[in-house]
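As they're listed, the protein sequences go chains A and B.
Using numbering that gives the first Met the number 0, you'd call the opening residue of the first sequence number 0 and step up by one each time.
Using numbering that gives the first Met the number 0, you'd call the opening residue of the second sequence number 0 and step up by one each time.
Among the hints, erroneous ones may be present.
Pairs involving identical chains hold if they fit within one copy or between any two copies, as the list cannot separate such chains.
[As the list claims (entries may be wrong)] Taking lysine-lysine pairs in the DSS-like style, the calculated list, with each CA pair at most 27 angstroms apart, reads:
hint: 1; residue 1: Lys-34; residue 2: Lys-14
hint: 2; residue 1: Lys-51; residue 2: Lys-34
hint: 3; residue 1: Lys-14; residue 2: Lys-53
hint: 4; residue 1: Lys-191; residue 2: Lys-14
hint: 5; residue 1: Lys-51; residue 2: Lys-14
hint: 6; residue 1: Lys-133; residue 2: Lys-157
hint: 7; residue 1: Lys-53; residue 2: Lys-99
hint: 8; residue 1: Lys-34; residue 2: Lys-133
hint: 9; residue 1: Lys-99; residue 2: Lys-133
hint: 10; residue 1: Lys-34; residue 2: Lys-99
hint: 11; residue 1: Lys-14; residue 2: Lys-133
hint: 12; residue 1: Lys-128; residue 2: Lys-157
hint: 13; residue 1: Lys-99; residue 2: Lys-157
hint: 14; residue 1: Lys-99; residue 2: Lys-51
hint: 15; residue 1: Lys-191; residue 2: Lys-34
I should point out that these hints are in silico values taken from the structure, not numbers from a laboratory.
Number of protein chains: 2
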Amino acid sequence: MAAPELEHLIALLAKLPSLGPRSARRAVLSLLGQKETQFAPLVAAMQTVLEKVKTCPVCGNLDTITPCAVCSDSTRLNHQICVVQDVADLWAIERTGVFKGQYHVLGGLLSALDGIGPDELNIQSLLEKTEANKNCEIIFALPTTVEGQTTAHYLSDKLANSLCSISTLSRGVPVGGELDYLDDGTLQMAFKARRSL
Amino acid sequence: MAAPELEHLIALLAKLPSLGPRSARRAVLSLLGQKETQFAPLVAAMQTVLEKVKTCPVCGNLDTITPCAVCSDSTRLNHQICVVQDVADLWAIERTGVFKGQYHVLGGLLSALDGIGPDELNIQSLLEKTEANKNCEIIFALPTTVEGQTTAHYLSDKLANSLCSISTLSRGVPVGGELDYLDDGTLQMAFKARRSL
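Only chain A is shown next, with the shape it has when bound in the complex:
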């Protein structure tokens, strides 16, 4: 058996998503093979992130500054608020560079199965934002799963009395998508939402 310190580290690493006991063991052995070039920099980087990265109190993004870089960027539009499920989706949209407004991270989706109700999500502060920020546009960038669409419906009900307009990302054929390989639901949706050229 490996030393208890090693077994402890492997057990902790194995809890990460997309790692298991075997891949965690391989990762630790690979790190120990390159202590100076890989292991020490990784530990230092983790320490920095653990100490410095905080959740932005305004939008829910993760950043080393408070409010986060997006919220404190004065060149960004204040009247557009993009509602996302989690920080990963926020980063994905930021990588495209297509959106120049504010974000609001829900921190999950409504799910009866997982027992996640409105109180578990970051919804109240969204309602307060829309009251303060009249004539804004709320853009739902939520997954097109059952949970994502349930959440979108719930939110649009809650926002019905606000003075903000509500929109959602378009659905249709993905870029590079072969029609033959597409599921029926997406193809139907793309037909119904066809645009004139």
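Let chain A serve as the given structure and place chain B on it in line with the hints.
Structure of chain B alone, referenced to chain A:
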């Protein structure tokens, strides 16, 4: 884009075997979601392993004590030396509890493709061990790949003049193995090496 500290950590994690940029990002977000229960203990465990775990100068195992727990265990047999490719294989054999002798970690396999020759491996110290320890048994626990068998041939040539006997792990049908699903080479090997009951 995420903060530079986060991007740096994701890039370092993505270099680990069995992780890529996307799974590294998921891992970091999962850790940041459980700072106290997951992230801080993981950083502490990595720091401990980075500082304390050393390569054993005798056998090449990784442990917090020098020589390692296996080499300093006086109850283990000294006249059996099991030659393995790397520490992962040593740990795998130790988990079975079947072997009570000493180990010798080569640190890799001979590979013309990867440019790994005898000088890159921990071979010289094995030869010295066999000279000092006469009448020992050398057990090759090497993979049954081309590289593994090349290395075994090379080592048995080098050890031909020593007074040690040389053996290798048996090949055959794995426990729980269906004959129908076995490759032809293994089935042939299992037939040729059949034992009387």
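ask   = Between the shortest in-copy and the shortest cross-copy C-alpha distance, which are at most 27 angstroms for Lys-14 and Lys-133: within, between, both, or neither?
value = neither (44 angstroms within a copy, 46 angstroms between copies)
### Message
Regarding Lys-191 and Lys-14, is the shortest C-alpha distance of 27 angstroms or less found within a copy, between copies, in both, or in neither?
### Response
neither (43 angstroms within a copy, 44 angstroms between copies)
(Q) With identical chains, the pair Lys-34 and Lys-99 could be close in the same copy or across copies; at 27 angstroms between alpha carbons, which is it: within, between, both, or neither? (A) neither (41 angstroms within a copy, 30 angstroms between copies)
Intra/inter-copy verdict for Lys-99 and Lys-51 if alpha-carbon distance must be at most 27 angstroms: within (25 angstroms within a copy, 48 angstroms between copies)
Fill in: Intra- versus inter-copy proximity for Lys-133 and Lys-34 (alpha-carbon distance at most 27 angstroms)
Answer is neither; intra-copy 55 angstroms and inter-copy 36 angstroms both fail.
query: Which holds for Lys-14 with Lys-53 at a C-alpha limit of 27 angstroms: within a copy, between copies, both or neither?
result: both (22 angstroms within a copy, 25 angstroms between copies)
When Cα atoms must be at most 27 angstroms apart, do Lys-53 and Lys-99 count as within-copy, between-copy, both, or neither?
Result: close within a single copy only, 22 angstroms intra versus 50 angstroms inter.
| message | Reference check for the pair Lys-133 and Lys-157, CA-CA at most 27 angstroms: within, between, both, or neither? | response | Cα proximity of Lys-133 and Lys-157: one copy only (15 angstroms, versus 83 angstroms across).
Could you figure out if Lys-99 and Lys-157 sit no more than 27 angstroms apart (CA to CA) within one copy, between two copies, both or neither?
within (25 angstroms within a copy, 68 angstroms between copies)
Notebook entry, point to check: 27 angstroms Cα cut-off: does Lys-191 pair with Lys-34 within a copy, between copies, both or neither?
Noted result: neither (57 angstroms within a copy, 45 angstroms between copies)
_Regarding Lys-99 and Lys-133, is the shortest C-alpha distance of 27 angstroms or less found within a copy, between copies, in both, or in neither?_
Result: close within a single copy only, 18 angstroms intra versus 75 angstroms inter.
Query - Up to 27 angstroms CA-CA - Lys-34 versus Lys-51, copy category - result: both (24 angstroms within a copy, 12 angstroms between copies)
The structure fails to meet hints 4, 8, 10, 11 and 15 from the earlier list, while all remaining hints are met.
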